[in-house]
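Number of protein chains: 2
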Amino acid sequence: MKQILILLTFSLILSCNSENKKSKKLSDKSTAQSEKPNILLIVIDDQGYADFTPFESHDKTVSTPNIQRLGKSGKVFTQAYVTAPVCSPSRAGIITGKNQFRWDKPASWGPGLPDDVKTIPEYLKQAGYNTARIGKNDLGQNFHKNDVREYPLNHGYDEFLGFSAHAHDYWANSQSIKARTPDPYGTSALLGPLMHNMGEKSYEDGYLTNILTDESIDYLKRKHNKPFFLTLAYSSVHHLIHEVPKKYLDKYNVKEIANYDPDSLVAYGNHKKGSYSAYYDKYSRVGAINTDDLRKYYLANLNCLDDNIGRVLDALNETGLDKNTLIVFISDNGGSPLNGSNNAPLTGGKYSLWEGGIRVPMAVSWPGNIAPNSTENRYVSATDILPTLTKVAGLTITDNNIDGIDLFEPNEERLLVWKWQKTWAARKGKWKITNAKENHWKSEPSAQYIAPIRDDLTIKLFDIEADPGERNDLSAKHPKIVKELQDAYNAWCDANIARETKQNKDPKKH
Amino acid sequence: MKQILILLTFSLILSCNSENKKSKKLSDKSTAQSEKPNILLIVIDDQGYADFTPFESHDKTVSTPNIQRLGKSGKVFTQAYVTAPVCSPSRAGIITGKNQFRWDKPASWGPGLPDDVKTIPEYLKQAGYNTARIGKNDLGQNFHKNDVREYPLNHGYDEFLGFSAHAHDYWANSQSIKARTPDPYGTSALLGPLMHNMGEKSYEDGYLTNILTDESIDYLKRKHNKPFFLTLAYSSVHHLIHEVPKKYLDKYNVKEIANYDPDSLVAYGNHKKGSYSAYYDKYSRVGAINTDDLRKYYLANLNCLDDNIGRVLDALNETGLDKNTLIVFISDNGGSPLNGSNNAPLTGGKYSLWEGGIRVPMAVSWPGNIAPNSTENRYVSATDILPTLTKVAGLTITDNNIDGIDLFEPNEERLLVWKWQKTWAARKGKWKITNAKENHWKSEPSAQYIAPIRDDLTIKLFDIEADPGERNDLSAKHPKIVKELQDAYNAWCDANIARETKQNKDPKKH
Chain H
78 MKQILILLTF SLILSCNSEN KKSKKLSDKS TAQSEKPNIL LIVIDDQGYA
128 DFTPFESHDK TVSTPNIQRL GKSGKVFTQA YVTAPVCSPS RAGIITGKNQ
178 FRWDKPASWG PGLPDDVKTI PEYLKQAGYN TARIGKNDLG QNFHKNDVRE
228 YPLNHGYDEF LGFSAHAHDY WANSQSIKAR TPDPYGTSAL LGPLMHNMGE
278 KSYEDGYLTN ILTDESIDYL KRKHNKPFFL TLAYSSVHHL IHEVPKKYLD
328 KYNVKEIANY DPDSLVAYGN HKKGSYSAYY DKYSRVGAIN TDDLRKYYLA
378 NLNCLDDNIG RVLDALNETG LDKNTLIVFI SDNGGSPLNG SNNAPLTGGK
428 YSLWEGGIRV PMAVSWPGNI APNSTENRYV SATDILPTLT KVAGLTITDN
478 NIDGIDLFEP NEERLLVWKW QKTWAARKGK WKITNAKENH WKSEPSAQYI
528 APIRDDLTIK LFDIEADPGE RNDLSAKHPK IVKELQDAYN AWCDANIARE
578 TKQNKDPKKH
Chain L
78 MKQILILLTF SLILSCNSEN KKSKKLSDKS TAQSEKPNIL LIVIDDQGYA
128 DFTPFESHDK TVSTPNIQRL GKSGKVFTQA YVTAPVCSPS RAGIITGKNQ
178 FRWDKPASWG PGLPDDVKTI PEYLKQAGYN TARIGKNDLG QNFHKNDVRE
228 YPLNHGYDEF LGFSAHAHDY WANSQSIKAR TPDPYGTSAL LGPLMHNMGE
278 KSYEDGYLTN ILTDESIDYL KRKHNKPFFL TLAYSSVHHL IHEVPKKYLD
328 KYNVKEIANY DPDSLVAYGN HKKGSYSAYY DKYSRVGAIN TDDLRKYYLA
378 NLNCLDDNIG RVLDALNETG LDKNTLIVFI SDNGGSPLNG SNNAPLTGGK
428 YSLWEGGIRV PMAVSWPGNI APNSTENRYV SATDILPTLT KVAGLTITDN
478 NIDGIDLFEP NEERLLVWKW QKTWAARKGK WKITNAKENH WKSEPSAQYI
528 APIRDDLTIK LFDIEADPGE RNDLSAKHPK IVKELQDAYN AWCDANIARE
578 TKQNKDPKKH
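Chains as they are written, first to last, in the working numbering: chain H, 78 to 587; chain L, 78 to 587.
Here chain H stands alone, though its shape is the one from the complex (with noise of 0.2 Å):
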């Protein structure tokens, strides 16, 4: 065992391609070795390409101190994909490593999480993990239940303490609160109490991302006499993106906004005065909040989660944990037109399968495994994230049906697909091919949203790596390429769709 761990540390090593030649030398190697790593999912929402402040040419008005301490611990990959442009399908795609429309025919919000399908945290467990997710749990549609096999419990976590839904509100995390609002789960997102494992848990006061990171570094320190599996998934930067703590306000020049409070008797569209889904569905669209200070707000917020990831790597650091945790850090899909974040030089973002949809920050480390300051510029996806996970926890993973390589073996002639709604994508060396539709949701996007080329749903080809902004629409000179590429997505969906669905048409329940 301790061979073949020796044996893939060297072959992570020599696949480090660094663009960093002062790289420090690997040290620690023989305590990292020496047993599993505990291992750390970082999953953040929402979070613009650009504003990935361990990229090189990031935006200069993002202040990520410690996300940059992060990535430049480890990797970062310029080029990760997530297999949806929303949230809920992506993570489903993170936690499987299967493309989820291979399972959801729709292929839209809502993929869920069939009992035949197994997770990360499953195989862990499997491999003698102590598992514990905090935060987000966005699986499916039955939001708020934890007799559903999407809820955490009953895919593979230990414990769970967060929510269940799209989103939740930072503030509003007490039962008082629930008890006076009409309609706490009125929308996708809700407040309240967080759900913890098979109850809830009030906050009276606290704001949730500080909220989440005090749980996890609670969870971190508490002796585990099995390696662990925390997955952190916060909440931020999802709208309602203004409610950020004072300090950061004020860092950023911007005004609080009032919380949302049941007797502000505040209405919006067809929601009723004073529910929550008037308050949130006002904030939750580009408008109420001018768009120069949506992306103060933005970066607010941002830096309130950058603190606390400091907070959960000081804790890493304290305990000696740091020494032998891999952490994976990745954003669920691109930054949203909605919430202020800057996706330069891609078009488009969230909701779309446009580069700014589905290419996101996300970086590795792992001390003495990944060389610092390294990065990986060649395409992998956030189905690669279960195959090395597995693999670094000693199992031998027989499901041909997994999605995933290896994300330290990138192969840059690998086909990658997706499927969103009606609109589609592949990608295959530097091709990429797309009848991706502009979609920004609520409302007309923010200023710092770059609109695509064209608005319809034709087919458009790009050379990514020449043009990422996909700019230049190569299909008319290329068609045999088209061609291919079409044939290839194709026949991705015949071999795989068909099967699996008609491998999941009666999905026991839980």
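Among the hints, a few may not be true.
The list cannot tell twin chains apart, which means a pair is met if one copy fits it or any two copies do.
List of simulated lysine to any residue pairs, SDA-like, C-alpha gap at most 20 Å [stated by the list, open to error]:
id, residue 1, residue 2
1, K359, S185
2, K182, N567
3, K324, S341
4, K328, D338
5, K519, Y345
6, K324, P339
7, K303, M275
8, K328, D282
9, K324, W248
10, K202, E236
11, K300, M275
12, K323, E333
13, K554, N478
14, K300, D224
15, K323, A335
16, K323, W248
17, K349, E521
18, K300, D235
19, K149, G276
20, K323, D282
It should be emphasised that the hints constitute simulated quantities derived from the structure, not laboratory data.
Quick caveat, the model's predicted, so the values are computed rather than measured.
Chain L: place on chain H using the hints.
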């Protein structure tokens, strides 16, 4: 077993010396009797005797509807004595059922917990309980340490979350503030993360009373396969009394006072600029806040505590646990001369053996077993809690050194003794003898304080039933009773202090 419990229940009901003839019939006996009850011991800090609203004649400026609800749901004790007029020794008395000066020769601040003294949680664990302590742990002088006998995990608690010291800042519960503070443990109070089992838990934001409640409710809602014993020890209403969430301050029309901040460079007395001890010392005396406002801060702090106790009661109701949960509520000593509390009609307060220091708010509720709206006017002791709870848990106690008796069978001719530094007291029947001398510790007392009739160490004798305020010294009139009580006190000390001290000469270290 069932028969014994039915008998016990019957005797408890018979012993209910109810003053309220309209009290409802006992309901739900069968469920309550079928299994060992859960036990919730709520210990609060420095509450005034007059500020306990379940008492018929309480200070009408106090608003504590939830404490009232708790008191009215069971039995209130108008003459409940603790074993010392300050926190640490009083808590040692509660948790051991013994006068802590049995082993603490100086009879002073930090009696600690010798190895051979058994605690309530140790007994209840033996009876099959899941045990947890949340909040203040204040036994001995080994503050902030988890490898000492006094640490909750070392005297019978399965879980602990809180602080091991006299007090904790209400607002500063995070690692961030601790890291910036030159003297986080600079006083007997502290700031920073709470101790959590063998580690720490940091709270980036939140108010201590709210946090302790949130965590307690989370504990209560966990599915236990055993009955639970939870000690919920709030630090409220200990100074720093002014630290209260704004909505409560608004209610009492007092302003927010800036929280401790190391950068503020506030100095006080000999304490360095920016030190926590400077801030703590300043606000733990009367003077920094004018005496009218002090009462308002106290009322606000108490009102917030009351809301929190309401949340705990609501959680018990929601889960149905209330039907089989016995609740004991007690303050660790009388109202402090320094926090704005009101002990009327009692003389003195915390820090002295006048009634105001040792007679405390206390109530016990147990649906189906204790008639609601009942009052016990006979005197009882906090040492009675241990024998009462262990009896309820089905244990037979053989330790003859336990000073407590069954709370529900008060003995009107029982001898109670106190030893506090250079002072002592004894109570037997209606008589109380004491050489109590005034003591208000750090500064002049607040406006609410009732000064004693004489400020010296001479012997005073009171008919406490007729003169609870200790205004009429009858020692000259009843020399025979003085002699009898002196002899009784000396006999108790000869019989018990020497013996226990000998037993504990060489306590093993944990």
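We went through each hint and held it up to the structure:
1. K359 <-> S185: Cα proximity of K359 and S185: none, with 24 Å in one copy and 61 Å across.
2. K182 <-> N567: Within one copy only: 14 Å inside, 87 Å across.
3. K324 <-> S341: For K324 and S341, only the inter-copy Cα distance (16 Å) is at most 20 Å; the intra-copy one is 24 Å.
4. K328 <-> D338: between (25 Å within a copy, 18 Å between copies)
5. K519 <-> Y345: Within. Shortest intra-copy distance 13 Å satisfies the 20 Å Cα cut-off; inter-copy 56 Å does not.
6. K324 <-> P339: between (25 Å within a copy, 16 Å between copies)
7. K303 <-> M275: Result: close only across copies, 17 Å inter versus 23 Å intra.
8. K328 <-> D282: between (22 Å within a copy, 18 Å between copies)
9. K324 <-> W248: Both, since 15 Å and 16 Å are each at most 20 Å.
10. K202 <-> E236: Classified as within: same-chain Cα gap 12 Å, cross-chain 25 Å, threshold 20 Å.
11. K300 <-> M275: For K300 and M275, only the inter-copy Cα distance (8 Å) is at most 20 Å; the intra-copy one is 23 Å.
12. K323 <-> E333: Both: 7 Å inside a chain and 17 Å across chains, each within 20 Å.
13. K554 <-> N478: neither (34 Å within a copy, 97 Å between copies)
14. K300 <-> D224: between (29 Å within a copy, 16 Å between copies)
15. K323 <-> A335: Classified as both; 11 Å inside a copy, 16 Å across copies.
16. K323 <-> W248: both (12 Å within a copy, 16 Å between copies)
17. K349 <-> E521: neither (23 Å within a copy, 56 Å between copies)
18. K300 <-> D235: both (15 Å within a copy, 14 Å between copies)
19. K149 <-> G276: Answer is neither; intra-copy 39 Å and inter-copy 29 Å both fail.
20. K323 <-> D282: Classified as both: same-chain Cα gap 14 Å, cross-chain 12 Å, threshold 20 Å.
The structure does not agree with the numbered hints 1, 13, 17, 19 stated previously, though it agrees with the rest.
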